Structure formats: structure tokens, C-alpha cells
Amino acid sequence: MSSSSKGKGSTKPWIAAAVACAAFLVPALAAGQGPAPPSNLTASDHPWDNGTRIDLQWSPSADDASLLGYMVRRRTTTEDAFSVVEIVPAGTSAFTVSNLNREAGHLFQVTALGANNVESTPVATTAPVVPTMEWFDGTRLWFLFTLILLCGVVIAFIVLARRGKPLTLRRIAGLEAIDDAVGRATEMGRPCLFIPGILDMSDIQTIAGLTILSRVAKTAAEYDAKLEVPTSRSLVMTAARETMQTAYLAAGRPEAYNPDSIYYVTDEQFGYVAYVQGVMVREKPAACFYMGSFFAEALLLAETGNLVGAIQIAGTAQPAQLPFFVAACDYTLIGEEFFAASAYLSGEPDQLGSLKGQDVGKLLVAAGIILGVLGATVVALTGSTFIESLVNFFTGTMLT
Amino acid sequence: MIEFIVTQWWLVAIVIASLIPLAMRFVSGGLLETLRTLDRRWIFLLLLWSVLIPIYFIGVTGRTFPEVPSVLARATFDEIDRLSPGDSVLMAFDYDPASEGELGPMATAFVRHAAEKKLKMYFMTLWPIGPQMIDSTIAKVITADFPELAYGRDYVNLGYKSGYEAVIKVIVTNLRELYTTDSRGTGVQEIPMMEGITNIQQMKLIVNVSAGYPGTKEWVQYAVTPFPQVRLVAGATGVQAPLLYPYVPRQLPGLLGAIKGAAEYEKLVVDAYLGANPHPKYLEALRRMGPQLVAHLLIIALIVVANVVFVIDSRGKKR
Amino acid sequence: MRRENAVWIALLLVGAAALLWRSAFTTEGMGREYVRAVPVANGQWTQYDPATYSDYQRAEAAAPGQAEYQFSLPRTLGLWLAAFFTLAIFSFLFGDNPIYKVAEAVLVGVSAAYWMVIGFWDVLVPNLVGKIWPAVVQAWAMPGLSGPEAEPSPSYIVALVLSVMLLWRLAPKGGWIARWPLAFIIGTTAGLRLIGFLHGDFLVQIRNTILPLAVIEGGVFDPWASVQNVLIVVSVLCCLVYFFFSFEHKGVVGATAKVGIWILMITFGAAFGYTVMGRIALLAIRLEFLLDDWLWLIDPTGRRMAALLTGGGLG
Amino acid sequence: MKRTVPLLITSAGGFVLIVAYFIPFTQNWGELAAIWFDILAAVAFILGGGNLLKTHLKRMSDRVRGWGYSGIVVVSFLVTLFVGLAKVGVNPSPQFTDFAWSGQYRQMGGAFWYLFQYAFTPLTATMFSLLAFYIASAAFRAFRAKNLEASLLLGTAFIILLGRTFAGVALTSWIDPAVWDGFAYFTGLRLENLTVYIMSVFNTAGNRAIMIGIALGIISTSLKILLGIDRFYLGKD
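Chains as they are written, first to last, in our numbering: chain E, 1 to 400; chain F, 401 to 719; chain R, 720 to 1034; chain P, 1035 to 1271.
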């Protein structure tokens, strides 16, 4: 094998690696001092996968105890030379080769790697194996379980809430301030400004921001306050217009809806900030809402809003910007609170039910962490291999 | 220092003159009262001087502060340093001119280090303005100091692809589905160093320079998490870095945070490869640490002063 | 107010005069851009790469009147324009003013069009037209397109249909049809993010939190690492309690939530500290631009006098 | 038709992608959806540009205060759009000299590059750098040790600010075993080490909890949309 791969002066990097490997092995092989090779190499398709893996099995070399490991190589039927996949530690007798091409047949070769990187004669598979794709990805089975569990509790509580189960929730200060802020703007005869973040509709925070907009717009319609929504994405503008229209309709004041108060500025982050900052100092809004995904503009907007004396309420799940909102705004909805806001504001039972579902989700997380940590601690203290396998199953299989 | 003040007397004069009105207000209005009602524009002015003067000082004298590399900077350095010549490295430069102050020096140092190690560099970006950043870094380091490296053999610029993290998801298993040409429009099958490269799992290391979304977090989520054998190191802005610490070291063995991280890494690269008299373009971050220090001290001073006033006022109320 | 304006105008005039004097009548000069002419495609046209003043001086010293390195008037004007815009944005710090408003208007206009152009050349041409009618794109703007990528992908017609529906909004009637693509976007976003965050963030963060409370390294108990692990686990749990919606923050829950908010505040403080670093660096690079590229007051990278003094030995 | 069909599209689109994640054959549908979204977003630029023009032209025709600036917006928008789409001043790619349109639209020396280099970059980068000033004023105005929470935030910020500069290193460099043997146990208190501890313990824990909470929030928000409980985007009939 060494001579065959050496002869190929290909530029493929992995072939180059194989060449390099082979080159310095030649003298050792010539001397005939290699360790005993592994035997009975078999290759079979990895079950329940997306068709990129093949399982290898072999019987260990007689010199297993003194080996550095086993060198696994592969090639497709159309390629001439084997290339290195991995070096697995001694004592191993199985390996899953991943990241294979589904359209090709694959051949494998395993050698025992002795001291001073001396390789044994290779053992190879003779019949090419083609990885097959199954209809279900078995590596994601436990993830499916987690998904169903978490979605299940949320849906279950929504159903319970619809059936009239009474729900109590703690108060969130920022939310109670929203109505007051809109009211104050009305009294002062100054507009409200709503910023739905700077990301597009492909971000869930923007969507959450717009659900809050629908409540703010309803309040504004009831108070007859002027609400301005500059957006940095035209899709967000489109969605915000639909949202506002629905809200004004729900408030019984469809005639007060003015689509021109929702307008696109520019997709460029700082162009958008420059413009909104200008709007703020010129129109002096009495209330500013920042609900969505924010980056560097968070502090630029919040400090300018502070300069013009607006009440400011922010909500975002961007942890990097939370300190600035916390420092510069009157109220800030932190992370999960921001997603909970629209449910709180609507007060509808099925909306509130989803919050209970989230709480159960957190309980499950806490329980999982506590169990896992206890297990890991016991393993560290006692070295129990049984519990270690349990913990490994939990972290390595269930939580992947 | 004194020599600097004497020769640059006009700058000193401007600074002092600009602060005279503030001093007069302190004298006429009283210390506490002036602090309580201080116009924020004075703070702006103080910050301007605290950044501008050190830049000018360092620019004229060429002196920088010493730097002691942290554990993470060293880990980042080692990840690249342990690679062998000819290993392929994906250089994912996800930033734009707005963040160049922090990330430009990192990108420069990364490319310099990779060029010194004779690694094959595959440049790409998920940011629309990223290609300019790649081009300018290539011009600054490879074209200027490594003219022997050939495009297409030693480095290639795959350019920008839209689609945010979806791009990562695709190329981690199938690079060619999205990258059919390089940024110059040459088909990938005609580029020698692309031969045999079908996905980015084949890269020995991914080096990400990240200013936000999409960036290091997405690389961790969609490249490292599903394919743990993928090695990733990152240079991130000060804003991004704290969010990335949860991924260190398992998913992210090396992380450079902000200009400080850049300066530490610069120091490591310079010490290891550039000798006693490096070209000043490789000391950019080290130079920027000067204004950093003075501005930090100013901000700390502002917080302290504001809190002293606050404590005095709240005591007064209690009485 | 009028007197203040007069003072400002006077100051601006003095500044402008000083700049003119520096650029025209001093030996150092300022704000000039130089280029290097590089013939491309067998000399069919010339490409102008950026060059430094010292490149130019060196070339002139070697061969006076050479054409390779040249002074560039358009780029010099560009540099002054860039300096003007930089100062215009900074002027907002003093207060809203007409110069800032001009810069703001230019920024909005240029950037909106900038993103449209990028969307056209980088998305619509290769990913929509190029997928549906690759031959058209290949014959026009992307001659390098070849191989399997040059095969048409019929599934992209769905994207085309959705695009047309979205643009229906511009039509006088039936704007509601645009809700269909919007619904598609919102639905797929919800599905993708649900899976993405659950698999990416959620599970990974739980997994990373499962740490042994007692760390024993090579048979020896490591107190520091153990304390660190205990702190991480307890902190995560306390913060989770803070986010509970079902209980008022009273009693044991209240006390735990209190610790949780402390941890969050430390987190925010750390983020604040880090962010300050980044922002100062951003200002530094703008000031470097003004002092180095434009005013030629400093020259840390040896683009002018330093390179000349040492005979260009810095490169 | 106006509300039911979009609702169906939303639910079907979302649930199909969730299911597709588990089926190898359809695992790349999510990516396809993302690419389609990108196409839609690019098409939406036309919508946005149209709206921008409409807004500012209306301001000009109404002669509202500051309408001159709207004129500048319109002119700079149209000029940039034209030079970008028409590839003004762009040479063809050297490999394909026969194809007049093969050059890169952002080629150095082209008109679009000029606008990028001398208008777009300085404007956006300077706008970004205003943050440095705003941080200073926020530090002076908002960071008061009003209570324990605020003090913790402040204290941490202090340590990080100091620990990430040369000053911090110099301030606590005396905690060195070379000075006194007993200091070997206290090197963790050196500012630069303290910074690392804060980042790797409290910052990590806080961010982890926030991320877990956010993931749960996203699950419930997504579900409400897919189940049709939140249907704010549907407008009126």
C-alpha cells in the first residue's frame, strides 16, 4: 500500500497526508518489524442514520497491549489510494466512520500501529459498502423525546387554561408601565415610538416584538395616542402594518389607523440609528418602546431617549445589550420575560397557560441538572462505573 | 513625556483652552452643584481627549504598554501553532468596517500566524461587507509580506454567501452546494487547493473573526455541536465575548475577547515569529491599548465621582 | 443664540483656514491619496491600487516623473469627503444641527440603496435567476458558473411565486395576497428557531452545567475547581428560579430569586466592562483615521516620513 | 381566503420543518427555507426602497419642515442604486474579458466602491463610535450604587475594566509568590485572574440561565404561532 499511494502525486491534502505517513513507514516495513495485524475486519451500514456513516468492527491484534492504536483508512471504489480517517486508541475493536458520501461504495483498511509509529500489514474489506439512508435519524431520537415533552407541557397547560383552570402569575413591573407610558404620551400630546429591533422576520425576537406591538397599538388606539414605528426591514414594516391594522380594528377604531406611521428607513443598522436618533431629538416622543433584537444601537437609542426625557421600556433576549437597557431605561424585560410579555399583556387564558408550561419546562431543567450533577459527583467520589455509564448516557445520548 | 509636551505645545494649549469654561463653572457654581447638573457634553469632551491624546502620544513616540497574554489567548495561539505546514484552515471573517477597530488587528495576526505556519487558508464570510475585510487583510499581510504565497494554491477567497447560519449548516456537510465559484468568479473545480475539499469538516481548524450575528455562536451551534471533531477558535468583539464564554473550552478551545485579546495574541505572534523589530502594522492592537487604558480610567473616575455625589446627596436627604 | 452661531461660524472658518494652510503651504502637507497603476488583462485597462505617500516618494526618487505611482484627485476628494462625514456625525454630540442632518440623510439614502444592490447581485442574481435560468446568468454576469451548479433547480420557482406575491403589495388591489409569503416566513421561522434553539442552546447549556461538585484530579481533591463547579451549578439554578412566572418573589423563592438577580447583575456588569473595551476601540480607529489618514499628524505605520527616513526598511 | 390560508401556511410550514428535522431525507428542507427566505428578503428591498422613496417624495411635495433633507435622501439613494446596479466604472473580470458584466460590482476603483469607501464606511463607523461617548455619559448618569444589585453590577464592571488593562495588572502585581511565599494561595485575587474567574463562573452561569430561559420562551412563542393562538400578522379581512 505504501508504494501505491506514494506513486500518486496528487494534490489532495489528505492523500498528501497519507503519502507523508507512508513515506516514513517504508523503512520500518522493509525491516519487517511491524506488530501483529488486526483481523476479521467487517464493515456494515450504520443503522438509523442519514446515510453518511459506516460501522467497522475488527478483532484486536495479538500485540494489542503494546500498541499505540489502530489506524483506520478509507477509500471509495473510484479512488485509487486509501486515506487516513482516524487513529483510534489500543483496545478498540469498533469504529464508526462518518461523513461519507452516500452515492459511493466505500472500502476500509485497518492497521495496528506499534511503537515508533510502525504499522502492521493492513487488513482490508473487500466488498464495497454503500451507506444507506433510513427514514428516521436515530441520533435524534432523544431530542424528539425532549421536544415532545417540552411542547407537550406547554400545549397541556394551554388546554387546561382554556378549560378554565385559574392561573396565578407574579407581576412584572415593566409591563404595568406600558399603559401608563402610552397614557402619559397622550396627556402630553407627544407621540410614542416603537422600535421592533433591527433584525428581520426570520428572527423570533422580531416576531415576539410585534406581538407586543399589537397590544401597545391597541392601547394607543384606545387612548388615541400617536404611535410611530420606524423599521429597518421592509418585511417587518409589512408585518407591523398588518399588526397595527388588526389592533386598531380590535380596539374598535379602524378609521384611526394610519399606515404611513409605520415606515421603512434602511436596512443598514447605523443608518437606521442615525435616522431614529434624529426623529427622537426633533419629535421628542414621550414614550419609547424597544422590543426585539438589539445590538449596538441599544445604548445609542436609549441615551438619546433619555436626553429627550421619554419614558423608556425595553425588552430583548440579546444578553449583550441587557446591561445598557437596564442602565438607561426605566424598565427592562430580561430574556424570557420579554417572550412572556405578550401573554401577560393579553391576559387571555390560553396565552397565560403557555407561561405555566414554560415554568414546568424550567422545573424539568432544574431536575435534570440536579440529577446529573448528583450523579457526576457520586462518580467523582466513588468511581462507580455503573453510575458513570448512566451519567454518560444522560449527557452523551439523551442531551444531544 | 516632558519633551512631548514641549514639542507638542499647541495640542496642550488646545486641550487646556477647551477645558477652561468647565473649570470656571466649577469655581463659580461650586463643585457639587456643577457635578449634579453637569452637561453631558463636558463628559463627551473629556472622553474625546482621553482617547485622542494617547493616540497622538503613541503615534508620535511609538511607545506601547507591555502585555501579558492570558490563558485563552495562549490557547488560541497554540491551536494554530500546533498545526503542520499544508494543513487547511478555514478563515471565516464575519465582520464589517464598523468593528474593524477591534477585529482588524485579530484578522491581521491570524493571517500572519497562518502564513508563518504555511497553512492553506480558505477565506469566507457570512457578512455582505466581509469580502472587503478579507481583501484588505490579504493585501496587508499576504500580498505585502508573503508574495511567494500563490492564490488558489496557498490561499483562496471563497467570498460571501447569504443565508446566515443556513450557510454553515450546508457547508459543514457539503461545501460545493453553495460555493460553486470563489469570490473572483472562478469555478471551484479549477482551483487547485479546492481539490478534494467537499466540506468544512475536512478543515483542521476554523478561525472565526466575529462581530455579531451570524458569527461564532452560529459556528458553534451549527458546525461544532453537530460535528464535535471540528475545531474552532474565535476572535470576537467585546460585546460578543462574554456570550461565548459558556462554550469555552469544550466547543471553543480558544477565544480572543476585544482589543485586549487582540493585543495579547499580537504579542504572542510577534514574540514567536516577528523578531525584535516588527512592522508597526502588526502592533495595531498593542497601540490601541493606550487609549483604552486612559479611557477606562476616565470611565471609572466618572462612575466614582457620580457615586460620591450620590452618596453625599442621599446622606443629606436622610438628615 | 445668534452670537453663539457667529462664534461657531468663526471657529469653523478658522479651522478650515488652518486645514487649507496645512495642506497647501507646509512641508508635511495632509490629506492626499496616492495610487499605484497596475495593468490588468494584458493591459486592456488599468487598476489603481492604494499606495502610500512614501511609495510615491521612493518611486520619484528612483525615477523622477514615473507613471506607476500617482497622485489621485478623486480619491483625495473622497478622503476629504470621508473626513467631513466623520466630523458631521460627531457634531451630533454637541447637538442636532444642519450638518448632522445632511450626513444623516446621505447615510439613509446611500445605505438603503447599498443593501438593495447587494441583495440584487449577491442573492437575486445567483440564487433566484441563477437557479431557475442558469444559462441566462452564465451568459451575462456569472460566466464562471459551470458543472452541476449550472443545472436548473425547479424548486426555486416556489420562491419566485412567493416573491411575486410579496410584491403584489405595490399593486393597487389585492394587497392581502402578500400575507401568504409573510405567513410562510413567520411559520418557517417559528419551526426553525424552535428546533434550532432547543437543540443548539437549550440542551448544550444543560449538558455543560452537569459538573461534579467535587473535582478529583489524579486521586487528589481539587478545592478550587470544586468551589468553581458548585458556584456555577448553584448560580444557574438560582437564575432559573428568578425567571419563574408562577410564584411571587417571596419567602424561599424570593430569597433564591434574589440571589438569581445578583448573578444576573454580575453577568451584566461583566458584559458592560467588556463592551466598554470594544466601544473605545471603535472611537480610537475613527480618531486614527482623522489624525493619520487625513491630517497626517501621526504616522504609526510608516506610510510617510518614517519610511522615507529609514530608506523604506520597515516593510 | 384572506385569513385562513395564511394561517394554514404558517402552521404547515412550521410543523413540516420540525418533522423534517428528524427525517434524513428531508433534513435539508430547513436550509432550503432559509435560502428562500433570503430571496424574499432581497425582493423585499424593492418594497422597502419603494416605501422610502414614497415617504420622502411625499415630504418634499408637502413641503414639511426639513423637506430639503428628504431631497438629499432621494438623490443619494438613486445615485447609489444606479451606480451599483449598472456597475459604473467596473472592469470585467480578468478571466472573462468578453463578458462586459462579469466584473464584481464592488470592485476597487468602481463608483460603487467609491461610495462605500468614502461615504458608507465613515458614516456608519463614526455612528458606531458615538457609543464610546454614550457609554461615558451613561456611566456618569445611570451607574449609581442605589442598592445591592446596582452595586454588584458596578463592582463587576470595575474589576473587568481594570483587569482588562495594563493598570489592573500593575495594581495587583504585588500579589506574587516571589514577594512573599504565602501569596501563592492568593494569586487568584490578582485582577487579571479575578476577571477570568468572573467570566468563567458567574458570567457563564448567568448567560446559561438566560439562554435556557430564552429557549423556553422561544418554544412557547413558536408554538403559539404555529397553533394559531398568536395571529397578529393577519390583518383585517
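Hints may be right or wrong, so weigh each one.
Going by beta-carbon spacing under 8 Å, a handful of chain F positions derived as facing chain E [as the list claims (entries may be wrong)]: (1) 407; (2) 498; (3) 544; (4) 547; (5) 601; (6) 639; (7) 640; (8) 643.
Where chain P lies over chain F, by a calculated footprint (3+ residues, C-beta under 8 Å) [claimed, not checked]: (9) 418-432; (10) 557-564; (11) 670-680.
Quick partial rundown of chain F residues pointing at chain R, CB under 10 Å, derived from the structure [unchecked claim]: (12) 405; (13) 622; (14) 653; (15) 662; (16) 683; (17) 699; (18) 715.
Don't read these hints as lab results, they were simulated from the structure. This one's a predicted model, so the numbers in the text were calculated from it and none came from an experiment. Cβ coordinates follow ideal geometry from the N, Cα and C atoms, glycine included.
Output the indices of the hints that this structure fails to meet, ascending. Violated hints: 1, 3, 4, 9, 11, 12, 14 and 18; rest satisfied.
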